[in-house]
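Count along the sequence shown from 1, add 115, and you get the number used in the working numbering.
In case anyone wonders, no lab produced these hints; they're calculated from the structure. Treat each hint with caution, since some may be false.
[What the hints assert, rightly or not] SDA-like cross-link-like pairs, simulated, lysine to any residue; straight-line CA separation at most 20 angstroms: (1) K557 to D533; (2) K346 to K409; (3) K501 to L408; (4) K409 to F241; (5) K337 to E310; (6) K549 to E576; (7) K409 to A456; (8) K409 to H560; (9) K549 to S498; (10) K409 to M420; (11) K409 to K557; (12) K346 to N447; (13) K549 to T505; (14) K549 to L586; (15) K557 to L577; (16) K205 to E382; (17) K557 to S597; (18) K501 to S419; (19) K510 to E530; (20) K435 to A456; (21) K205 to A324; (22) K346 to A479; (23) K510 to H560; (24) K346 to F241; (25) K549 to S561; (26) K501 to W556; (27) K435 to F248; (28) K475 to A434; (29) K557 to P508; (30) K549 to D407; (31) K549 to H339; (32) K409 to P350; (33) K346 to P441; (34) K557 to G595; (35) K475 to S511; (36) K205 to E265; (37) K409 to S511; (38) K337 to G300; (39) K205 to E336; (40) K549 to A324.
Quantities reported herein were computed from a predicted structural model and do not represent experimental measurements.
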Amino acid sequence: MAQRVARRSRRGLHQPRRHRHLHGLRPLRRDRRPAARLPAGDARLLDRRRHRPLGPRRGVCQGARARRGAAAGGRHRAGCTQVVRPVCEKVDYRLVDTPAGFQEAAEALAAGRGPFAVDTERASTFRYGDRAFLIQVQREDAGTFLIAPEGHRDDATRALSPVLNGETWILHAAASDLPCLSELGLRAVSLFDTEVAARIAGYQRPNLANMVERICGVVLEKGHGREDWSKVPLPREWQDYAALDVAYLTDLADGLAEELAQTGKLEFAEQEFAYILDTSSSPRTGTGSWRDLKGASRISSALSMQLARALWAAREAQAKRSDRSPSNILQNRVLVDIALAQPTTIRDVMAVPGFPRRRKDLAAACLDVMTEAREQDRSTWPSRPKSAPTDVPSKSTMRREYPALSEALEEARDEVADLADALNMEASTIATTKLLRAAVWKASHSLHPWDVRRAQQELSELGARPWQCELVAPIIAAAGLSAADE
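Make a model of the complete structure from these sequences and hints.
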């Protein structure tokens, strides 16, 4: 245990590294552990003209934005330990919210060159669903466009899809943006995710503002990420904020691609990008089910499950009709507590902790829903799902009922943590605890211990990418687990 604590404490160490490409900015301190290089791989970057990997080149932030940033006050003062970084300048952009504007933006973007830097702003905490209310697109020689599609979504699709579809996109945390873009019929053929790239490169704080500061030497002014982006018109300061989300993405992608290439991890990132594109490029359908509610696992009685299902369905229908977020009608926690309390009067409903005060009308509506649910045929009521013998147990269940497997899991986690230290990345980037637990559980049900090849196959079936399979398979195989050990 002491070795594990010592190993994890080393993750907070910082390693200074000089950047030749920041035009006079003081060398930056990276918020990551000292790097341990892999065998040199192909040093490939995004070629903005041909959209394909290209050999290494000198400097990654040498565009006009980086030059402006350096001129704005970045400097290296001899004998000074403080890093002086320029605050970002205001970005030129154009907001378009009409069919004619969409067409003009599409024509300008088509005339640009290189990959598209893309981001979206949504309003799922205010509106029903997770659709995009603003799409930010930036491209070299084309400029930055803020596209507001609400009210003209079909027109936005007709104008933008011929330009954006089948191209390379740069996004930050692409898995959260791709579904709402797909809902508009917009799909990339390849992508570069700067958030994922930063994790693989070893950064512990891969958020956009931190990465732009570390790689491009520019401080982004943030603060409007949780606004109601369905608001019309959008305040000017919100527009400025949204434009900055794509202003430095191309430079950031170039810098991260060079780092990954130099440490032999670019292929890791490319496999992650392909996986995200494959699994996140479909529109999200619905908002789940009542079983997905936080706290729903506390519901055990048949009546409470019936009430929870009925309340969830009624809330969902009302949210869809009124285009409001379901949680703005009734919070998830309160809904679960109402189902657990099984109230029979309006007063009982309003007594549930967290229920909106002075909302007698809402309490009456909830009671009507529950009264109708109680009267339904009991054979139609939901029941607790039964666990199959092959279902992976939770961490606590494994520790309590399968101590030997729990010990094997901890040993595997320690091995992955050591490997993560050597590769300068977080252990969860290589393999999550959920993946390791599933692999250990599955191996323990095999007639014979897995060899490395079998472990790679099984990890792949569990969703691991090839690079993860190659790194983790020897660890799982070395455990020597099989059904004979039970």
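Hint-by-hint comparison with the structure:
1. K557 to D533: violated, 23 angstroms
2. K346 to K409: Cα-Cα ~29 angstroms, so violated.
3. K501 to L408: Distance ~18 angstroms between K501 and L408 Cα, so the pair holds.
4. K409 to F241: Between K409 and F241 the Cα gap is close to 19 angstroms, so the pair holds against 20 angstroms.
5. K337 to E310: holds, 17 angstroms
6. K549 to E576: holds, 14 angstroms
7. K409 to A456: Between K409 and A456 the Cα gap is close to 16 angstroms, so the pair holds against 20 angstroms.
8. K409 to H560: violated, 31 angstroms
9. K549 to S498: Given that 20 angstroms is the threshold and the Cα spacing comes to 26 angstroms, the pair is violated.
10. K409 to M420: holds, 14 angstroms
11. K409 to K557: violated, 28 angstroms
12. K346 to N447: violated, 25 angstroms
13. K549 to T505: holds, 15 angstroms
14. K549 to L586: holds, 16 angstroms
15. K557 to L577: holds, 10 angstroms
16. K205 to E382: violated, 35 angstroms
17. K557 to S597: holds, 9 angstroms
18. K501 to S419: holds, 17 angstroms
19. K510 to E530: At roughly 18 angstroms apart (the allowed maximum being 20 angstroms), E530 and K510 satisfy the hint.
20. K435 to A456: violated, 26 angstroms
21. K205 to A324: holds, 15 angstroms
22. K346 to A479: violated, 31 angstroms
23. K510 to H560: holds, 17 angstroms
24. K346 to F241: Distance of about 10 angstroms is within 20 angstroms: holds.
25. K549 to S561: Holds. K549 to S561 sits at ~19 angstroms (cutoff 20 angstroms).
26. K501 to W556: holds, 18 angstroms
27. K435 to F248: Given pair K435, F248 holds - Cα atoms ~17 angstroms apart, limit 20 angstroms.
28. K475 to A434: Status holds; Cα separation ~19 angstroms.
29. K557 to P508: Since the Cα atoms of K557 and P508 sit roughly 11 angstroms apart, the hinted pair holds (cutoff 20 angstroms).
30. K549 to D407: Distance ~18 angstroms between K549 and D407 Cα, so the pair holds.
31. K549 to H339: violated, 33 angstroms
32. K409 to P350: The hint is violated at about 34 angstroms.
33. K346 to P441: Given that 20 angstroms is the threshold and the Cα spacing comes to 18 angstroms, the pair holds.
34. K557 to G595: Distance ~12 angstroms between K557 and G595 Cα, so the pair holds.
35. K475 to S511: violated, 42 angstroms
36. K205 to E265: violated, 26 angstroms
37. K409 to S511: At roughly 19 angstroms apart (the allowed maximum being 20 angstroms), S511 and K409 satisfy the hint.
38. K337 to G300: Violated, at about 29 angstroms.
39. K205 to E336: holds, 10 angstroms
40. K549 to A324: violated, 29 angstroms
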